[in-house]
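K.L.:
Residue strings, one per chain:
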Amino acid sequence: MTTAPDLTHLTAVQMADGLASGEFTSVELTQAHLDRITALNPVLNAFLQVDIDGALATAADVDARRAAGEELPRLAGVPIAVKDIACTQGIPTTAGSRTLEGWIPPYDATIVTRLKDARMPILGKTNMDEFAMGSSTEHSAFGPTRNPWNLDRIPGGSGGGSSAAVAAFLAPLAIGSDTGGSIRQPGAVTGTVGAKPTYGGVSRYGVIALASSLDQIGPCARTVTDAALLHEVIGGHDPMDSTSIDAPVPPVVEASANRDLTGLRIGIVTELTGEGYQDGVQARFDESVQLLRDAGAEIVEVSCPHFRYAMAAYYLILPSEASSNLARYDAMRYGLRVAPEGVESPSAEQVMASSRDAGFGDEVKRRIILGTYALSSGYYDAYYGQAQKVRTLIARDFEAAFEQADVLISPTAPTTAFKIGDKLEDPMAMYLNDIATIPANLAGIPGLSLPSGVADEDGLPVGIQILAPATQDQRMYAVGAALEALLAQQWGGSGSVLDRAPEVTTGAVSEEAK
Amino acid sequence: MSTQARSAHSEDVVGYDEALTRYDPVLGLEVHVELNTATKMFCGCATGFGADPNTQVCPVCLGLPGALPVVNATAVESAIRIGLALNCQIADWCRFARKNYFYPDMPKNFQTSQYDEPIAFDGYLDVDLDDGTTFRVEIERAHMEEDTGKSTHVGGATGRIHGAEYSLVDFNRAGIPLIEIVTKPITGAGERAPEVARAYVSALRDLLKALAVSEVRMEQGNVRCDANVSLRAKAGDGATSAEQLAVPLGTRTETKNVNSLRSVERAARYEICRHAAVLDSGASILQETRHWHEDTGVTTSGRPKSDADDYRYFPEPDLVPVAPTRERVEELRATLPEPPAQRRKRLQGEWGYSDLEMRDVLNAGAVEVIEETVAAGATPAAARKWWTGDLARRANEAGTAVTDLGVTPAHIAELDGLVRDGRLNDSMARQVMEGVLAGEGTPMEVADARGLELVQDDGALEAAVDKVIEANPDVADKIRDGKVQAAGALIGQVMKEMRGQADAAKARELILAKLT
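Here the protein sequences line up with chains D and B, keeping their order.
Numbering of the first sequence is given in the numbering used here, commencing with residue 83 and proceeding in unit increments.
Numbering of the second sequence is given in the numbering used here, commencing with residue 7 and proceeding in unit increments.
No lab work stands behind these hints: they were computed from the structure.
All figures in this text were calculated on a predicted structure; none of them were measured in a lab.
Glycine is no exception: its CB is placed at the ideal position from the N, C-alpha and C atoms.
Each statement offered as a hint is correct.
Ranges between beta-carbon positions, derived for each pair:
#	chain 1	residue 1	chain 2	residue 2	range
1	B	Glu36	D	Asp143	55 to 65 Å
2	B	Arg334	D	Pro321	13 to 23 Å
3	D	Val420	B	Thr158	21 to 31 Å
4	B	Gln95	D	Arg478	30 to 40 Å
5	B	Glu36	D	Ile134	52 to 62 Å
6	B	His159	D	Ile186	26 to 36 Å
Throw the hints in and build the complete structure from the sequences for me.
P.N.:
This is the structure:
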């Protein structure tokens with residue numbers, strides 16, 4: 083029998099196959115992950131909650147059903163981690179915020195229901211920037227998550243817990259949410275795969291809202307095919323989410339079997355390369371472009387002139403929606419309640435104010451204030467109104483670009499993982515990390531990030547982003563899977579960039595990073 | 007500051023007639039209507055009235071993290087039907103908007119409403135006034151929104167949040183579908199402005215009832231009215247109405263939650279008198295909300311309200327736009343009932359009632375029951391006589407609705423039939439009604455059980471007539487001399503002989519036959 087640590091290093095496909103063939107049980111597989119979490123989470127801080135009993139109960143149930151000859155979903159018994167932004171009935175859900183510390187949802191998000199229907203053991207809830215505001219997971223109220231490649235580095239954000247868990251083999255699959263890059267950028271800086279589906283492709287019901295018109299739920303994995311399998315589990319229409327697309331899930335699993343790039347038109351977005359991109363990031367990107375070209379793809383350059391306004395528009399729309407979405411955290415019905423100091427019999431408003439002051443971190447407060455301002459009468463047209471116009475222009479840029487190309491590509495993030503603490507004092511520098519990922523959210527189109535190698539200068543992983551037109555998610559999986567195979571051929575070994583990551587050990591955090 | 011102190015202080019008012027000599031009142035009415043949909047505006051929770059607190063709630067209407075709204079299609083249809091009945095345009099495409107403000111009974115701290123894209127706009131409602139004239143009230147808009155939870159402030163003197171020891175919130179009401187109907191400024195009503203306000207709310211209530219989109223029970227808060235009042239200077243004696251309309255509007259106050267027809271009229275009247283006193287003193291009106299006190303008949307200051315109130319409206323990103331097709335709108339238009347005012351006119355004609363009689367019927371709220379009674383076979387005159395007469399009085403005494411007395415339209419029709427067939431006379435019919443009211447059965451059953459029946463045996467009647475003629479020779483002579491009206495005295499005696507169980511008309515016939 084295979085030893086436990088090896089089980090965690092399989093792909094989700096291999097795990098599903100091993101379970102189906104009876105090579106190992108779901109309890110063994112799940113326990114192997116739980117053991118690894120127990121050993122490494124104190125170092126990584128990838129999980130905020132671990133549901134040992136729940137995960138093992140699901141695993142045992144799957145094993146019993148399989149033993150009884152029941153036909154099971156493909157990923158039945160394969161464990162998964164869920165970003166702490168999705169409500170899980172009976173398991174605390176915080177969205178990385180002090181204000182929700184200890185809150186136990188009375189209901190499951192639709193995607194959690196679908197994971198349960200797929201009989202996937204839920205290992206626990208992963209760390210994140212508070213209410214998904216951030217690109218480093220440093221804004222979690224419960225401490226930063228560390229990058230398995232280098233514990234002094236950030237794992238990306240806001241979904242750094244999910245990406246670190248997948249990169250460190252604490253989970254083969256994880257759920258992420260992507261408002262401006264929170265699945266793709268963490269994927270890039272941890273050497274993992276992350277996909278943001280078309281807006282409306284995956285239900286948002288029960289996923290704590292950051293910015294409703296930008297948020298999208300998606301898979302985190304170590305391979306493109308694994309991501310596609312998870313995408314199909316969670317995707318599809320949900321009557322509880324009015325913005326959910328009423329159409330079948332695009333054939334992403336089928337697409338991920340693709341290896342043929344002949345005649346495919348791939349567009350490089352000129353605005354998303356060159357200046358501002360780290361040398362090693364650009365070098366790996368150029369290499370991938372060459373591989374694609376050599377494999378028969380037609381490489382074209384496309385221009386999206388309005389992308390230069392994307393960051394500005396994004397930081398008006400997001401805070402505006404967030405300021406409203408986060409208004410409900412008022413200590414009246416649930417969540418942290420803090421009485422104002424020195425006030426005898428405080429009013430409801432005073433309790434709301436002091437609770438929100440105590441419950442929210444600085445980045446959340448910054449964005450609530452920004453959004454409140456942008457929506458104020460007299461400023462609305464100049465800020466929110468203008469931003470919505472920019473959004474339309476960006477969508478038109480994409481439409482024009484997709485007339486010239488079947489998919490678009492760019493580096494996922496301009497740099498590799500930066501050091502914990504480096505950008506905390508400079509919000510603009512932090513925001514710029516999402517420069518390449520934000521346009522897809524503004525336009526509602528799907529995007530996928532996969533590892534394209536490591537940067538020579540720091541040995542840290544680099545991601546390449548593939549964008550497709552709305553509802554054509556299968557295209558990015560098809561190109562991603564083909565590129566992944568080409569890169570694997572080049573790299574040799576298991577074909578995974580994670581081969582080059584150092585083994586995480588306990589006590590490996592440097593004094594500086596502490 | 008203290009709300010108590012303010013409410014204790016009564017403000018100066020000017021006599022109503024005097025106020026009208028110097029000022030022209032302008033009103034604006036905002037009416038919130040709770041729809042009678044089975045489920046809430048944005049979730050599947052039940053909407054029944056009177057359930058235990060917080061038993062009709064779910065993650066959506068409690069505003070739990072992650073919950074999302076889904077629009078109630080029936081509520082949208084009701085909104086469109088209301089808009090059409092108010093002669094409004096229906097938007098081809100409109101969105102919900104978030105109205106952001108913090109309040110403990112608002113689960114999300116924003117209300118999902120509509121802002122600059124209402125589902126219905128630019129309509130009117132013709133309102134009948136007491137003097138028989140019609141006044142057209144222009145409708146600005148009708149839009150969809152959700153209700154908030156209901157706060158109960160416990161302790162403290164005012165029942166308001168300030169000074170309360172604690173507050174209870176019932177979220178059963180949170181998310182109940184509301185339609186807010188806003189009038190354009192109602193000008194040109196002059197001294198009839200308060201009456202127009204009442205008549206408008208009354209007509210609106212009738213319309214909503216006819217549409218069957220709301221329970222329209224004001225006492226349960228199904229219909230809630232906010233009354234905006236402002237005064238502007240009179241343009242001067244002999245000014246044309248165009249000259250009066252050209253005078254700029256004054257500052258308005260908004261009197262909240264005026265929840266009966268009578269209060270709507272009284273509150274508008276009070277505010278006109280109060281504004282006049284403030285303006286007469288040289289001071290200016292503070293733009294604010296006012297609270298109406300039913301018991302004392304005055305309003306007191308609420309909170310300052312300015313046009314700068316900033317709700318930071320923006321389109322609700324969690325909902326897709328509402329875009330009814332023209333075909334659907336026309337289908338819904340086809341479902342509209344006859345407008346209540348038109349229907350009243352038609353029925354009055356069909357029933358042959360005088361204006362006064364029709365007014366009595368309307369005041370008694372008896373139009374529907376009379377319609378049913380006539381349909382069941384009674385004459386319109388009998389139906390009106392019973393429902394607005396004896397039965398209305400009985401209902402009034404019992405403090406109940408006339409339809410809750412246990413008497414049905416079928417009962418009245420049956421009773422009327424017995425009278426017309428000559429089996430019962432009027433006094434017997436009243437006795438039968440006593441029995442029906444006492445639960446003794448149908449009119450036929452009561453008449454049988456009580457042995458009430460006009461004597462049909464002409465022999466007995468003839469004997470009684472002979473006996474009475476013999477006993478009154480002088481009266482008989484008068485009749486023989488042609489004084490036919492003297493027969494009345496004999497008929498009374500015949501009825502006495504017959505112990506009331508005779509047909510007076512028949513007795514008269516017999517008397518005249520024998521003496522002329």
